[in-house]
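Undergrad: Listed in order, the protein sequences are those of chains A and B.
At the far end of the first sequence sits residue 290, using this note's numbering, and the numbering has no gaps.
At the far end of the second sequence sits residue 417, using this note's numbering, and the numbering has no gaps.
Check each hint, because a few of them may be wrong.
[Unchecked claim] Calculated cross-link-like contacts (lysine-lysine; reagent style DSS-like; alpha-carbon spacing at most 30 Å):
1. 174(B) x 201(B)
2. 126(A) x 268(B)
3. 126(A) x 258(B)
4. 126(A) x 390(B)
5. 100(B) x 268(B)
6. 258(B) x 307(B)
7. 386(B) x 126(A)
8. 258(B) x 196(B)
9. 35(B) x 100(B)
10. 201(B) x 258(B)
These aren't lab readings, by the way, just hints derived from the structure by calculation.
Bear in mind that the values here come from a model prediction, so they are computed numbers and not experimental data.
The residues making up each chain are set out below.
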Amino acid sequence: MLAYGLFLLSGLALGALYSLGGIGLVLLNRATGVLNFAYGAIGAVGAMIAWQVLNWGGPEPLAWAASIGAGLLLSLAFGRLLAPGLAHREPVVKAVATLGFAIALLGLMNLIWSITPRSLSLTVDKQSVAVLGVRITGTRLLAIGAGIAITALTGVLLARTRMGLMMRALADNREVASVLGVPIRKVETTAWSVSGALAGFTGLLFGDLVRLDPTVLTFLVIPIIATTVIGRLTSIPVTFAAGIAIGIIESMLALYSPLTPFRVAAPFVVAIAALMWMQRGRYLTFAGED
Amino acid sequence: MKRHRSTIIAAGAVLALTSGSALAAPKCGLNNGTKATGQPIKVGAVVGQTGPDDFSASAKAAKAYFTCVNANGGINGRPIEYLIQDDQWNPEVAGLVAAKLVKDEKVVALVASGSFVEMGVNAKLYAAEDVMSMAAACAVSECFESKNIVSTNEGPLPSSVGAAQWAVTKLGSKNVICIGLNIPSVGQYSCGWTEKYMQSKGLSGSSILMDPASADMNSAVLRAVASGADTVLVNLPAGMAAGFLKVAQEQGIRDNFKWISSTPLYDKAIPGILGDHWAGVMHVNIELTPIEGKGPDATNWREVLDKYGTAQDKRDTFSQSGYLSARFFVDAMLKLDPAKIDRKSVSEAIRAIKNEKSDLLCGPYYVGDGDRHMPNHANMMVQIAKDGFKVVGECTGVDSAYLDPIIAQEKRLGIGK
Numbered sequence: 001m002l003a004y005g006l007f008l009l010s011g012l013a014l015g016a017l018y019s020l021g022g023i024g025l026v027l028l029n030r031a032t033g034v035l036n037f038a039y040g041a042i043g044a045v046g047a048m049i050a051w052q053v054l055n056w057g058g059p060e061p062l063a064w065a066a067s068i069g070a071g072l073l074l075s076l077a078f079g080r081l082l083a084p085g086l087a088h089r090e091p092v093v094k095a096v097a098t099l100g101f102a103i104a105l106l107g108l109m110n111l112i113w114s115i116t117p118r119s120l121s122l123t124v125d126k127q128s129v130a131v132l133g134v135r136i137t138g139t140r141l142l143a144i145g146a147g148i149a150i151t152a153l154t155g156v157l158l159a160r161t162r163m164g165l166m167m168r169a170l171a172d173n174r175e176v177a178s179v180l181g182v183p184i185r186k187v188e189t190t191a192w193s194v195s196g197a198l199a200g201f202t203g204l205l206f207g208d209l210v211r212l213d214p215t216v217l218t219f220l221v222i223p224i225i226a227t228t229v230i231g232r233l234t235s236i237p238v239t240f241a242a243g244i245a246i247g248i249i250e251s252m253l254a255l256y257s258p259l260t261p262f263r264v265a266a267p268f269v270v271a272i273a274a275l276m277w278m279q280r281g282r283y284l285t286f287a288g289e290d
Numbered sequence: 001m002k003r004h005r006s007t008i009i010a011a012g013a014v015l016a017l018t019s020g021s022a023l024a025a026p027k028c029g030l031n032n033g034t035k036a037t038g039q040p041i042k043v044g045a046v047v048g049q050t051g052p053d054d055f056s057a058s059a060k061a062a063k064a065y066f067t068c069v070n071a072n073g074g075i076n077g078r079p080i081e082y083l084i085q086d087d088q089w090n091p092e093v094a095g096l097v098a099a100k101l102v103k104d105e106k107v108v109a110l111v112a113s114g115s116f117v118e119m120g121v122n123a124k125l126y127a128a129e130d131v132m133s134m135a136a137a138c139a140v141s142e143c144f145e146s147k148n149i150v151s152t153n154e155g156p157l158p159s160s161v162g163a164a165q166w167a168v169t170k171l172g173s174k175n176v177i178c179i180g181l182n183i184p185s186v187g188q189y190s191c192g193w194t195e196k197y198m199q200s201k202g203l204s205g206s207s208i209l210m211d212p213a214s215a216d217m218n219s220a221v222l223r224a225v226a227s228g229a230d231t232v233l234v235n236l237p238a239g240m241a242a243g244f245l246k247v248a249q250e251q252g253i254r255d256n257f258k259w260i261s262s263t264p265l266y267d268k269a270i271p272g273i274l275g276d277h278w279a280g281v282m283h284v285n286i287e288l289t290p291i292e293g294k295g296p297d298a299t300n301w302r303e304v305l306d307k308y309g310t311a312q313d314k315r316d317t318f319s320q321s322g323y324l325s326a327r328f329f330v331d332a333m334l335k336l337d338p339a340k341i342d343r344k345s346v347s348e349a350i351r352a353i354k355n356e357k358s359d360l361l362c363g364p365y366y367v368g369d370g371d372r373h374m375p376n377h378a379n380m381m382v383q384i385a386k387d388g389f390k391v392v393g394e395c396t397g398v399d400s401a402y403l404d405p406i407i408a409q410e411k412r413l414g415i416g417k
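Start from the sequences, fold in the hints, and give me the full structure.
TA: Here it is, written out as structure tokens:
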């Protein structure tokens, strides 16, 4: 029984990271209709810059600020310079453009930070609490806490504020929203900035908890996208819950040895099962609106 | 007058500098100080430079050595034209670049290749074209089980078994759990043979194999705790191993186990990354002798890199290994008539390499005509210290049934220890 508790807690911490990533993606998608495959790469750049700041002897708050700031700037740069040119294209085309951005960022990171083992350590790593014999570090608690807080905050942002209303209007129909006087540029700038800052924050936590490797961090966006698919790219609470559930399932599979080698497939199997359940009796396409 | 005096001072400085560098002049090939000007001999290498890890250190060391050889008489007057191709960790690219080297450029041999994918893809091509690859940075089983590939490094199998063997003898380990990659020709290959070694001694061994993209290190650590093992063998690439050890540190399980690792943790960045927590606790197997060795080849390797390489070229195990592959290759070439160097004569000369010795290796190097090659199968152990590594185990031959065909081959060839 204790083993189940151990793996449950371990999965919760991993799930919190998936959730945190998923929220930033959903927020951006709701406002701009873009599924951002570069989310992991943007976070990875943030984490690498934070490592560089710490390596140069900079204070930790500056590293946090650098990571979040780099995420914000990169996301904003893409959102303002490249995304408008694709605003009228299909969602898949927009998504592929972000994939190109991800690959470019990955190449740039490999060029600047040649491949050597690195690790990122933050002050919060050193605090920990023991639950059921598993030590949960401050960083993991921060990931869980931030996941809950950000879910609540973005929920309020989208549902209760004027900016949230405009974001939803824009995602539903860009043409109609602009005719109605929604300031498209302002709303999109806000969405890209908030999403980028979240990517920087999540990237730093991933860099600390998973490992500081640009390639691994860049492609962590794939399991994260599985969580957003369950939330239909629109629901932040469902995305949060999906992230936690996937993390726990992935971790618990370690207990059943025949399935252990397939654990990394857990996010996708769960997403496919959830999609099939949700679309029972309906037709659903990736482009939506059908 | 003033100008005259400054000329004298400058001349003096140049003299002092050249005499200083003459003291540390590396020795290469004929070592006659004459630039080789004859018809170039084309030699290739395939490395995985861009991708999840950089496997190019071996070819960079070989390039430095060949440049040194070319400046010192070449291969009896003929310079080596060294062509390095990047396989980008992509099997398709690996096949293309090897075909380009072997079929278009018509290289006489491949020297100091380092890759995770190249050997598995191209072993058949090399055999069909009868071109030899004197590799230096191999990580997969195909590299050690092919007729035309011989690597100077050992790969994960002897390194993992060697670590377990040392732990059984020196630390009294009875139950080893191997943490490896879930890639058949890497993780299953090395952890599998480590389990067999433990069983052959009447002891227990098991494995936890992780997907390279896995974000969840916690589960692997928890499974290791649940396994009942007394020793953890970390057999992962350095970055992943550091991630695994960080979680192990978080969970406070260090003192519940004895800790050993295969070669990837022998990286000068590792003691700093792992910190004091693992100093004096983690023991790492090394495939070649220590990087700061004082022997003639260890010294010459560093001097060649200092003079003919760049400051960015890594000074690590793969680099040592690449230097050695290049040196053994040049030694074999120098025995040939320079006018009759072609692929056939070169392949024969490489197969005839026997009982080459180096202070960088624990045992002799040879090639032979067997259908598999693993000349390097003795290794050492070091312990991670606060600011580096400390030798804790001298050269020891690896004890594994996997090596039976290799040992039989050595007997047939009369390889002396």
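Undergrad: Any of the earlier hints contradicted here, and which numbers?
TA: 5 and 6
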